[in-house]
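Engineer: Take a look at the letters that make up each chain.
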Amino acid sequence: MTNLFPTIVSRAQSSNIMNIFVPIIAIILTLITGSIIFSLMGFNALFALHTFFISPISTTYGISELLVKATPLALIATGLAFCFKNNIYNIGAEGQLTMGAIFGGGIGIFFHDTNSFWLLPLMIIGGAIGGSLWAMIPALLKNKFNTNEILTSLMLVYVALLILDFLVVGPWRDPDGYSFPKTRPFSDSGRMPLLFDGLRIHIGLIITLILIIISWFVFAKTIFGFQLKVSGFSPIAARYAGFNQKILIYLAFGICGAFAGIAGLAEVSGPIGLIYRDISPNYGFTAIIVAFLGRLHPLGIIFASLVIALTYLGAEDAQLFMQIPAAVGFLFQGLVLFYLLGADFLVKYKFEFKKSK
Amino acid sequence: MNESFVEFNNITKKFPRVIANKNVSFNINKSTVHALLGENGAGKSTLVKVLYGLLKPEEGYINFNNDILKINSPSEARKNGIGMVFQHFSLFESLTVRDNLILGIEENISYSKLQQQLEDISSKYNLPLDLEAPITSLSAGEKQRVEIVRILLQDPQLLIMDEPTSVLTPQEVESLFITLKALVKEGRTILYITHKLEEVISLCNEVTIMRNGEVIDSCSTENQTAKGLATKMLGQKLEELKTDYSHIKDFINFKAKKISCTFNDPFFTDLKNISFEVKEGEIFGIAGVAGNGQSELMDILIGENCSIDSGEIIFKKNNIESFNPQQRRDLSIAFVPENRLGHSAVPELTLSENILLSQFPNNNFTNHGILNKNFIEDYANEVINNFNVVTPGSDAKASSLSGGNLQKFVIGREISSNPKLLIISHPTWGIDAGAEYSIRQSLINLAKNGTSIIVLSQDIDELIEITHRLAVIYNGSLSDSFITKEIDITKLGLLMGGKK
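If you read the protein sequences in the order shown, they are chains X and G. Using my numbering, count along the first sequence one by one with no gaps and you end on 366. Using my numbering, count along the second sequence one by one with no gaps and you end on 513.
No lab work stands behind these hints: they were computed from the structure. Think of the CB as a built atom: it goes at the ideal place given N, C-alpha and C, for glycine as much as any other residue. Incorrect hints may have been included.
Covered, in the sense of this in silico footprint (three residues per stretch, anywhere, with C-beta under 8 Å from a C-beta of chain X), are these stretches of chain G [unchecked claim]:
1) 313-319
2) 333-340
3) 344-358
4) 379-389
Put together the whole structure using the sequences plus the hints.
Structural biologist: Here it is as structure tokens:
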């Protein structure tokens, strides 16, 4: 006779190959589940999947749009990797992104009638500082009072969004904007230069790639990257090694905030060109999925950011051509994360049906 | 009155590398406090776990109340009338005493009946409780009272107490003893696990002494002296010693001066005025039963805990008590804490990466923060070769190594830095005999080259084999030190049992 409920047993040796394939398995399972859902909704599953995942990137413009969406996701996810490797669960990248947009964009608004080569670099630095200062709050609270960073960083997202709201309807509102809640447009030199005429991909893509390469170097080749990893795996071993964990927490938050802040600034000074209420379609939250789907590895994050960016585009197309609600995009993001965590668990553990005595 | 209540019959319990219980047989008489005395690792806990249904023995059986005891789990044990109070409490900290007691009850009884029972138990056995108080606000002694009341609600005939006084103040110990005596008077039986000789003599009626998984003696405590018990507990351990004292220099390398540290936590032992000195080339041993302040002292010696109340740590004329581990390593001090997985090594990382956990000034592992991978790999391979670590290579994960191999690797990593001082806790804990021999030998060789070594261990044989001098830690105080060659084993046992 077997027990009704299986026991969960740790696998002695988890397979390294499986670890790499987990994201791919998660994506395949997501597609299968997705087609079942589409069928149940009464659509031709193959046609729906095609609309969702193939047609958005079948044109040059589509690919450019994919990159426009993937850029902030990849940049924020790389920043998050600094935190997650250290077992710090910074959930507040969305707020740090918003603060980056406010600080960097604020500089752009202040110099809205200036045209200088130095304006954009100054805005980028402003964005990095804004995001990083915002991230310092949960870091400080964690170090001083041992607060849970998941809660504090998440709550600060809403504070940041309200500050943004206040600014665009209040002091920063465009005087020539017919009372719309948006700011003045930045001057041309405060905009991210476009890479190709007629496409929206901009220099932010290059900045992101450079930052990702630097991050890879830091993770793989420096003692700082090693310290993050050790203190993530085992804080006790990190203490034994004499690593200063408080400083590691500040640095991880600071870097993540800076990356998210740059991503926020790149959004407002890139495709948008001014600040208004909805600058980010939850990039800061979605990047959490990207970071884990990419295994916290810079290369994996690039790959994952493209996959997840596609769900944004696919959702738009599906809404347009098939009248499927755009929320299906979030459904796919959720499914990916669900299968990823599930597959991860099964690589480490197995179910056993034990015979009862 | 000599009616046998529990009979252990040839209990044998084997674990992968050790036999924890070897043909254990003895009887516990009804209405007695029966002490189970022994060093750590003597097999006491294993035996008790067998009795409480947590482990199944390979051979043998237990007679309980004239019946063969057949149980598979603690809840079945409780149904049979066996209750156990563990050393670590299992209470819900945020709930009140009453809620915790209600949660422990397995059958449905009415609230008022419960109230009545609680009052009865409280007054009968000297166990006053404030039912409305949340557990967090209670002292360790009060929490233990809640545990005892919770067990008594189920009316057990046999009560197992696992080192109950280790977290109590002397006053609390006294009141616990009154309770236990009241329980026995009423016809209940108590199995009392301890390593404290004083308690055996003052509280218990019978005692069974275990050593290396076997019963050494089982007798009444009448006519027993602490001295006699100590000798039985430790055995005759002094054989001929070949310890070489000739290379020790008079220069004092390391000094701990009156270190005191209070923790305000019942699960930590406060350290009181700990002083000792170690000469160049000397191996200094700190003996003692686990939980007497060893890990607290180790943290302070490593620098993981730099907030001592008072005292000094002096290494080669530098005051280092405020140095963190890395600053101490910069002075060529190496450490091996007791726990390998997750403390001195990270199981998820490769051996090469684990090398990086302790960087010494002459390692050159990093250059302006950038890792020097070739150096690290070479060092890892050197450690693997010189210390005969069995592993496929330096890129194997630490978790894939056996305990003994990982310990050889960790000790090799520290020794290869040519430290001036090595501080090591339980060097051969939980590893096989071959690795044990090679680790002890490498420590002896290191000392011959002029390194001072401090060894904390529960393993008396080990300390006697390798140390030059040793002292005993008991309840946070360190005894005077003795030349190992001249030590009197009875005296050692008395010190470990808390008798001067």
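Engineer: Of all the hints given earlier, name the ones this structure violates by number, lowest first.
Structural biologist: none
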